[in-house]
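Asker: So you can see what is in the structure, the chains are spelled out below.
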Amino acid sequence: MSEEKPKRMAIIASKGTLDMAYPPLILASTAAAMDVETMIFYTFYGVDIVNKHKYANLKVAPIANPAMPSPVPMPNIVGMLPGMTALGTMMMKSMMGKINWPSVPELMEVCLEMDVKMVVCTPTLEMTDLTIDDMIEGVKIGGAADYLDFGLDANINLFI
Amino acid sequence: MSDITPDEVADLKGLNCPMPVLKTKKALDKIEGGKILQVDLTDAGSKSDLPAMIKRTGNELLEMTEADGVYTFFIKKKLA
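So the sequence lines, in the order shown, correspond to chains R and P.
Counting in the numbering used here, the first sequence runs from 1 upward without gaps.
Counting in the numbering used here, the second sequence runs from 1001 upward without gaps.
Bear in mind the hints are in silico, worked out from the structure with no lab data behind them.
Errors might be hidden in some of the hints.
Claimed, not checked - Pairs of lysine to aspartate or glutamate, EDC-like flavour, derived with a Cα cap of 20 Å:
id : chain 1 : residue 1 : chain 2 : residue 2
1  : R       : Lys117    : R       : Asp133
2  : P       : Lys1023   : R       : Asp146
3  : P       : Lys1013   : P       : Asp1068
4  : P       : Lys1026   : P       : Glu1060
5  : P       : Lys1055   : R       : Asp35
6  : P       : Lys1078   : R       : Glu4
7  : P       : Lys1030   : P       : Asp1011
8  : R       : Lys117    : R       : Asp146
9  : P       : Lys1023   : R       : Glu109
10 : P       : Lys1078   : R       : Asp35
11 : P       : Lys1035   : P       : Glu1060
12 : R       : Lys59     : R       : Glu106
13 : R       : Lys98     : R       : Asp134
14 : P       : Lys1013   : R       : Asp133
15 : R       : Lys93     : R       : Glu109
16 : P       : Lys1030   : R       : Glu109
17 : P       : Lys1023   : R       : Glu4
18 : P       : Lys1026   : R       : Glu106
19 : P       : Lys1055   : R       : Glu37
20 : P       : Lys1023   : R       : Asp35
21 : P       : Lys1013   : P       : Glu1066
22 : P       : Lys1026   : P       : Asp1040
23 : R       : Lys5      : R       : Glu126
24 : P       : Lys1023   : R       : Glu106
25 : P       : Lys1026   : R       : Asp115
26 : P       : Lys1026   : P       : Asp1068
27 : P       : Lys1023   : P       : Asp1049
28 : R       : Lys98     : P       : Asp1011
29 : P       : Lys1026   : R       : Asp146
Looking at chain P on its own, in the form it has when it is part of the complex (with noise of 0.2 Å):
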């Protein structure tokens, strides 16, 4: 368990490429700027695509977590 405090939570479990990649896209956009996103997804192929998404948008990737098949990402929202 991570003691990060996410300000939103994006359940994505069950989606597969390229869902969680534009649905946590969509969940960035709505959050304020510095704001910490959590997403929990199932997809493996994530692991690595969602930090390429979160580093090419300038997002910051705080800790990828794995437990039980299902990744946890905190995000935190770059400033605007």
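So that you can see chain R by itself, here it is in the shape it has in the complex (with noise of 0.2 Å):
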């Protein structure tokens, strides 16, 4: 065992939404727990999961969004009304409540404890006017050949 390569898994977080923070989160802390070597590269929108003022309040967007469940069936469009937002997110979090799911933040102090590499693109830092203090703490910044370097010698890469 002891002779044989790491296992490596790579993710690219690029969605920002409470229901996409999830997968990348899940993925990195359950691979970490498996002894396997894992880096989180966040770009776009997926630089919110690592935004320290954001990461505990992202929401789920209803609109165009025909899967997100409803107490009443109504048509998507109903989903572009002001509260909607804020109301579908809170019903997401009641549902994750109700199967005791840890939050955002928890699981990432889960993937920080055990060393997911959290790295975050610097362009999407630019554009957005943030810098690495906005991020919280344990991300590094890095760029494309950072994922790749990695990602190369992954056994899995997942771009979510």
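Reassemble the complex: the two chains are provided individually, in unrelated frames, and hints are given to aid placement.
Answerer: Okay, here's the thing in structure tokens:
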């Protein structure tokens, strides 16, 4: 076992909604628990998942999301009404609470504890006027080559 | 009932994926090599999740039992 190269997984997280923050964090923390070296590369909206001002309050977008569960059937266009994003987010959080699911910050803490590499894309930061100081602790700055360097030696590469 | 005597017990009942795997790993990290960890949980997905993690981390699943919707795993931690 000890002679074997450790397994690796690289994930690109490109979406910043609550529902899209979970898959990278769940897979990364679980991989780390399975002794897999893991990196999440945050780009575009995915950067919100490591933005310290936002990551505890990510939202669900009910509009253009016909899979969004609703207590009463309604046309998807209703999702454009003011307050629907907040309502949808509240519903999703209550569904997660019902099954005892960890919050995004809780999962993030687990990932960092288990040494998941967190890399945030430099152009995204610059174009959105953010700096590394806006990111949670433990995140590093990197670029496409950084991801590729890790990903070329990875057994699993995912774009989320 | 199993006749294995665990050194540590982790009660993870009511938790859902990915928490049983994460908490089991954490519990394994805390005990010494060769010791036995008992994990009780109710998440049906863990029936396949936990053995996968145990195998990949080089630990040993001694036994899994199921009674009244509770799955009980006995895991022997690998020697360092």
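Asker: State for each hint whether it applies.
Answerer: Verification of the hints:
no.	hint	result
1	R:Lys117 / R:Asp133	17 Å, holds
2	P:Lys1023 / R:Asp146	31 Å, violated
3	P:Lys1013 / P:Asp1068	12 Å, holds
4	P:Lys1026 / P:Glu1060	16 Å, holds
5	P:Lys1055 / R:Asp35	11 Å, holds
6	P:Lys1078 / R:Glu4	16 Å, holds
7	P:Lys1030 / P:Asp1011	15 Å, holds
8	R:Lys117 / R:Asp146	11 Å, holds
9	P:Lys1023 / R:Glu109	13 Å, holds
10	P:Lys1078 / R:Asp35	13 Å, holds
11	P:Lys1035 / P:Glu1060	11 Å, holds
12	R:Lys59 / R:Glu106	16 Å, holds
13	R:Lys98 / R:Asp134	31 Å, violated
14	P:Lys1013 / R:Asp133	39 Å, violated
15	R:Lys93 / R:Glu109	19 Å, holds
16	P:Lys1030 / R:Glu109	18 Å, holds
17	P:Lys1023 / R:Glu4	25 Å, violated
18	P:Lys1026 / R:Glu106	15 Å, holds
19	P:Lys1055 / R:Glu37	16 Å, holds
20	P:Lys1023 / R:Asp35	14 Å, holds
21	P:Lys1013 / P:Glu1066	13 Å, holds
22	P:Lys1026 / P:Asp1040	14 Å, holds
23	R:Lys5 / R:Glu126	36 Å, violated
24	P:Lys1023 / R:Glu106	13 Å, holds
25	P:Lys1026 / R:Asp115	13 Å, holds
26	P:Lys1026 / P:Asp1068	26 Å, violated
27	P:Lys1023 / P:Asp1049	12 Å, holds
28	R:Lys98 / P:Asp1011	19 Å, holds
29	P:Lys1026 / R:Asp146	29 Å, violated
Of the numbered hints given earlier, the model fails hints 2, 13, 14, 17, 23, 26 and 29; all others are met.
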